[in-house]
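Student: Each chain, written out:
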Amino acid sequence: MRKMTNNKLQMTNVGIFIILIMVVAAIFAPMIAPYDPSEIVEDNTLAPSIKHLFGTDDLGRDIFSRALYGARISLTVGLVAVTIAVLIGTLFGAIAGYYGGLVDSAIMRSVDVMLAFPSIFLILAIQVMLTPNIYNVMIVIGLTSWMGVARLVRGEFLRIRELQYVEAARAIGASDLRIIFRHILPNAMAPIIVAGTLGMAGAILTESALSFLGLGVQPPMPSWGNMLMDSQAYMRDAPWMAIIPGILILLAVLSLYFVGEGLRERLDVRG
Amino acid sequence: MLEVKGLSTSFYQDEVEVKAVNDVSLSVASGESLGVVGESGSGKSTLALSLLRLIYPPGKIVSGEVLFDGQDLLKLSEPEMIKVRGARISMIFQDPFTSLNPVFTVGYQIAEAIALHQGANRKQAWSKAVEMLETVRIPHPALRIRDYPHQFSGGMRQRVMIAMALACRPEILIADEPTTALDVTIQAEILKLLKDLQKELKLSIIYITHNFGIVKQMCERAVVMHLGKVVEEGRIQEIMDNPREAYTKSLIDSLKVLNDRS
Amino acid sequence: MIEVKELKKYFGVVRAVDGVSLAVESGESLGLVGESGSGKSTLARLILKLIEPDSGTINYDGIKNIRKDCQIVFQDPQTSLNPRIRIGEAIGEPMAIHKIVENRKSKIENRIKDLLDMVKLPAEYANRYPHALSGGERQRVGIARALAGEPRFLVLDEPVSSLDVTIQVQILDLLKELKRKLNLTYLFIAHDLSTIGYMCDKIAVMRAGKILEIGTTELILSAPQDPYTRQLLESSPKL
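If you read the sequences in order, they're chains U, D and C. Per this note's numbering, the first sequence starts with residue 1, numbered consecutively. Per this note's numbering, the second sequence starts with residue 1, numbered consecutively. Per this note's numbering, the third sequence starts with residue 1, numbered consecutively.
Just so you know, not all the hints are guaranteed correct.
[To be verified] The calculated lysine-lysine pairs, modelled on DSSO-like cross-linking and capped at a C-alpha distance of 30 Å, are:
| hint | chain 1 | residue 1 | chain 2 | residue 2 |
| --- | --- | --- | --- | --- |
| 1 | D | 249 | C | 238 |
| 2 | D | 60 | D | 128 |
| 3 | D | 229 | D | 249 |
| 4 | C | 49 | C | 238 |
| 5 | U | 8 | D | 60 |
| 6 | D | 202 | D | 216 |
| 7 | D | 202 | C | 238 |
| 8 | D | 249 | C | 49 |
| 9 | D | 256 | D | 229 |
| 10 | D | 256 | C | 176 |
| 11 | U | 8 | D | 216 |
| 12 | D | 60 | D | 123 |
| 13 | D | 60 | D | 83 |
| 14 | C | 8 | C | 181 |
| 15 | D | 256 | C | 49 |
| 16 | C | 179 | D | 192 |
Don't read these hints as lab results, they were simulated from the structure.
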C-alpha cells in the first residue's frame, strides 16, 4: 500500500461522501421524499422554493422527489449493469488467461470484435428491438461493457499464473478450479474492483444517455436521464429542470471516478 | 578525497521514523577502493544514494556532512549538485536490465550523458561514446553503439552502464551490487574489468555488496554495516582474520562454512 | 529412484533440455549446477511432470503419485507463497488435496503444528499471513508445505540464493537435518558451487541444455574434467 498525496486523498473522501449521501437518499427515498414522484402536486414549472426545493417540472411534479427516486433507478441500473459486466468479463478473462492457446485467441478476438462496434449504437440497436424497460437497460449495458474487464482479468491471470505460488499449487496436485478460485482470482481482485467502480460511472452515463433518447427507463418511472429528456422543451423557461439532473449525473460520475482512482492508488494497482 | 561524517538518513512511514543510515562516518582516499559490506536491510544502498543526494520523500537525509574535496555536498544547491552527480561522482546499479531505457540505442544514451555534462556537440559526444565502449572492452564498439539494450546480454549491459558512468571521467564510482544479478562467470569478468579500469583511470571506488569474497578481491579497506550503523572498519584481511564484532564474526563464519568444500 | 533418459524439451529454437540422462539414487543428494539459461529449472520441472518433454523417458521407482511423493521448494520466498492465504492453510493444502490425515479439523491442525515445529517455526505462525514473515521464515514455510504431503523426493530450486548468507547456512542445515530424519532424496539446484559443495554428495554440471559432467562432490571440486566446470570454480570469489 502506498500513501496517497493529500490532495488525492481529499478528492477520494469527497467522492465517497457524495456517493454515500446518494445511496442513503436512494434507499430512504420514500421516507425523505415530500411528495409522490409521479403525482401532479402543483402548478407546472415552478422555480425552486422552500416548498419545492428543486422546483416542479412541466407536469407540476416535485423535482426533489423525482430526483430521489431517480437516484434509486440510476444507481441500481449502474450497479446491476456493472455487476453483469464484471461477472462476464471475469469469467471470460479468467478462462482466456488461465488456459491460453486457442481458447485465449478465440475469446480475445471476440472481445476485439465487440470493442470494434461503437457500443452506444449497438445498445441503441438492441434497445430499438426490445421493449425498453429498466431490466433490459441493465442487461444490455452489462452485456456490452464487459470487454474491458475481460482484458484486464486476462492480463492479471497471465501475470499471476507465472508466480511461484501457482506453480507450487500445481506441484501439490491442486485442480484447475482450485488454482483459479483460490490462488489466482483473490490476487486479481484489486484491479477488478477498481475497474468495477470506474465502470459503474460509465454505466450511469450510458443509462442517462439511453433514457435521454427515450430508449431507457420509461416514464413515469423517473431516472436522471429521462428527467433530462423532459426538460428539453423548457430549457429557457425552467432551466432548473435540466440543471438539477445534469448536476446529479455529473456528481455521481465524478465521485465514482475519484473513488476509483483512490482505490487504484490504495490497492496499488498499476496502469 | 571523500569524507563522510555522521551521516544519518531516515524514512518516515505513518509518522514512524526508520533510521536506515544511522550516524555513519567513513572516508575514501584518491585512487582507493572501499568496500561497504552488509546484508539486506543494513542500509548500504541507502548510504550510497545519500552520498549522491538521491533520497526522496518519504526518505530524508537528517544530518551529517559529505565532504568531497573539502566541500559539503549536502550544502550545495540542486543545480550545483547536478554538476557533481554523474560527472565527478557516478554510480552503477544492481540491475542492468532496468537501468537502460529500452527505446534508445546505447550510443544515444551514453552520448546524452556526455553532452549533458561536458556540453560537447553531438559528433564529439558520439565519438566519445564509441571510445567509452572500447574502454569497457565491448568488441566492435563502432557497430555495437547503434544497438538497442535488448541486443546486449546482462554482462554486456552492465559494461554499457559502466561506460556511461565513466563517460565524464568521474573521480569516484559508487558500485551498488553491480554483479549480483549476473552469473558467476560473468561476474568474474566484470570484477576484473572494474579493477583494470580503476588502475587505468585512477578511480576511487566505493563497492557496495553483501559478498565478502568480492570485497576481498576488489578492495583494500572495508566497512561492515549492520542495521544502519558501521559496526566494523579496517583493512579487509584484518577484519576477516580478526573480526571485533559478533555480527561480523557470524557473517564470516557462515561464508567460511559455505566455502569450505568448494 | 528417478532415472532420466535422453530427455529433450525445446521452447521454439531454444534447446532448454537437450538430451539429458541422469539418475537420482534413493537417499542421495544430487546437486545440479548451471548458470542462467542452462536448462536446470526446466529439467527439474520435467522430472516433476509440471511440463511434458518433447522426447525421452523418465522412470520412477517407488513413486506412486508424483503430486504427493515429489515436491519442490522454490527460490523466491517473496512469490512462492500466496499473499492471501494464511501460513497454516498453505501448509494444510496438500493434506486436504491428498487426504493425508483424517479430515478432522483437530488432526489437521496438529499436523500443521508438527510441520511448523519441524521447520523450527512457532505454532502461532499458522495464523499469520506471508507478508508478516521474513525471507528466511517464508522459505521455512515453503519447506513445510513441501513436506506436508509426506514426499520422498524433493527438488530444491535455488532455495537459498535470494537469502542473506547467515540465513542461507541456517536453511541449508535445516534441509540436511530433515533429509536425515525423513529419509528424503534431494535434487538441489544452484547457480554456483558454494552451496552445492556444502549440501550434496554428487554434482551434475549443466550448460546449454546438456550435462557436461557428473561425479562425486570431492571429484568435481578437486579435479574437474570439463573446462567449463573449472571456469565456474575459478569464478567464485575466494575468501
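Student: Taking the hints in turn, state whether each one holds.
Tutor: For each hint, the structure was consulted:
| no. | hint | result |
| --- | --- | --- |
| 1 | D/249 / C/238 | 17 Å, holds |
| 2 | D/60 / D/128 | 36 Å, violated |
| 3 | D/229 / D/249 | 16 Å, holds |
| 4 | C/49 / C/238 | 38 Å, violated |
| 5 | U/8 / D/60 | 23 Å, holds |
| 6 | D/202 / D/216 | 19 Å, holds |
| 7 | D/202 / C/238 | 25 Å, holds |
| 8 | D/249 / C/49 | 43 Å, violated |
| 9 | D/256 / D/229 | 24 Å, holds |
| 10 | D/256 / C/176 | 18 Å, holds |
| 11 | U/8 / D/216 | 50 Å, violated |
| 12 | D/60 / D/123 | 40 Å, violated |
| 13 | D/60 / D/83 | 21 Å, holds |
| 14 | C/8 / C/181 | 35 Å, violated |
| 15 | D/256 / C/49 | 37 Å, violated |
| 16 | C/179 / D/192 | 39 Å, violated |
Hint check: violations occur at hints 2, 4, 8, 11, 12, 14, 15, 16; the rest are consistent with the structure.
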